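J.: Sequence:
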Amino acid sequence: MKKRYILPVLFFPFCVFAKDLGTIGDIWEIQEQNLLSLIDERLKEQFEGKSEEEIQAEVKKRVEENALRPPPVYLPVATVDSERTFDPSYTVERDLADHKGQVFARKGQVINPFDTVPFARTLIFIDGDDEKQIEWLKSFKPQTQIVKIILLNGDLREVTEKLDTDLYFDQNGALVKRFGIKAVPSVIDEMPNQKLLRIREFGLK
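Following our numbering, the numbering of the sequence shown begins with 86 at its first residue and continues without gaps.
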């Protein structure tokens with residue numbers, strides 16, 4: 086049988102050790118409102134006078150609206166054409182091994198993804214609320230078969246219908262930050278004959 090050990094002190098009432106040490110310093114009542122009470126009050130204010138069905142319908146509507154139009158990433162519209170390169174190489178922070186323990190990358194080693202796999206795709210970043218960018222995209226000719234259109238702003242359903250293609254949304258601007266995109270429309274693809282990415286901005290006149 087497995088033995089259990091319980092500290093004897095747990096069986097003694099804690100009041101046995103209590104001692105009145107008097108009052109040190111001033112004492113004030115806690116003024117901060119309970120968080121749960123605050124949330125409850127806000128919800129009551131927001132849905133006051135509404136039935137349960139109406140509340141559920143409103144919550145559902147808000148969820149759908151947020152899914153179709155996530156928080157935007159605002160960037161200025163490009164005014165001139167520009168081009169720059171982006172080196173995707175990274176430095177390994179620790180030794181990496183496969184499931185058999187064979188180390189395939191050493192700490193401090195610089196790895197370029199192009200050494201093992203081509204990029205072979207085009208990423209296009211636009212503001213879906215800008216009709217000029219929508220029209221520009223319709224006439225743009227990518228050089229790869231795989232094309233991913235990434236919205237930074239706009240209604241996914243509306244833009245999907247206009248372009249008749251699948252779309253993605255850059256949540257929290259993760260890709261914008263990763264590649265340092267400054268204006269739209271922007272296009273990312275592989276730089277010809279180099280192990281680099283090419284980032285182009287297209288000025289809309």
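Since the hints were made in silico from the structure, they are not lab data.
Quick caveat, the model's predicted, so the values are computed rather than measured.
Glycine included, each C-beta is placed from N, C-alpha and C at the ideal position.
Warning: the hint list may mix true and false statements.
Below, computed lysine to aspartate or glutamate pairings styled on DMTMM-like, alpha-carbon distance capped at 25 Å [as the list claims (entries may be wrong)]:
| no. | residue 1 | residue 2 |
| --- | --- | --- |
| 1 | K185 | D172 |
| 2 | K233 | D172 |
| 3 | K262 | D172 |
| 4 | K233 | D180 |
Across the chosen pairs, the derived CB separations fall in these ranges [what the hints assert, rightly or not]:
| no. | residue 1 | residue 2 | range |
| --- | --- | --- | --- |
| 5 | K217 | L120 | 40 to 48 Å |
| 6 | A190 | L121 | 17 to 25 Å |
| 7 | R169 | R206 | 16 to 24 Å |
| 8 | V188 | Q228 | 33 to 41 Å |
| 9 | K185 | E246 | 47 to 55 Å |
| 10 | P227 | N119 | 49 to 57 Å |
| 11 | A190 | R169 | 21 to 29 Å |
| 12 | K262 | A182 | 25 to 33 Å |
J.: Next step is simple, just say for each hint if it's right about the structure.
T.: Status of the hints after comparison with the structure:
| no. | hint | in the structure |
| --- | --- | --- |
| 1 | K185 - D172 | violated (31 Å) |
| 2 | K233 - D172 | holds (20 Å) |
| 3 | K262 - D172 | holds (14 Å) |
| 4 | K233 - D180 | violated (33 Å) |
| 5 | K217 - L120: 40 to 48 Å | holds (46 Å) |
| 6 | A190 - L121: 17 to 25 Å | violated (49 Å) |
| 7 | R169 - R206: 16 to 24 Å | holds (19 Å) |
| 8 | V188 - Q228: 33 to 41 Å | holds (37 Å) |
| 9 | K185 - E246: 47 to 55 Å | holds (50 Å) |
| 10 | P227 - N119: 49 to 57 Å | holds (56 Å) |
| 11 | A190 - R169: 21 to 29 Å | holds (28 Å) |
| 12 | K262 - A182: 25 to 33 Å | holds (30 Å) |
Of the numbered hints listed earlier, those contradicted by the structure are 1, 4, 6.
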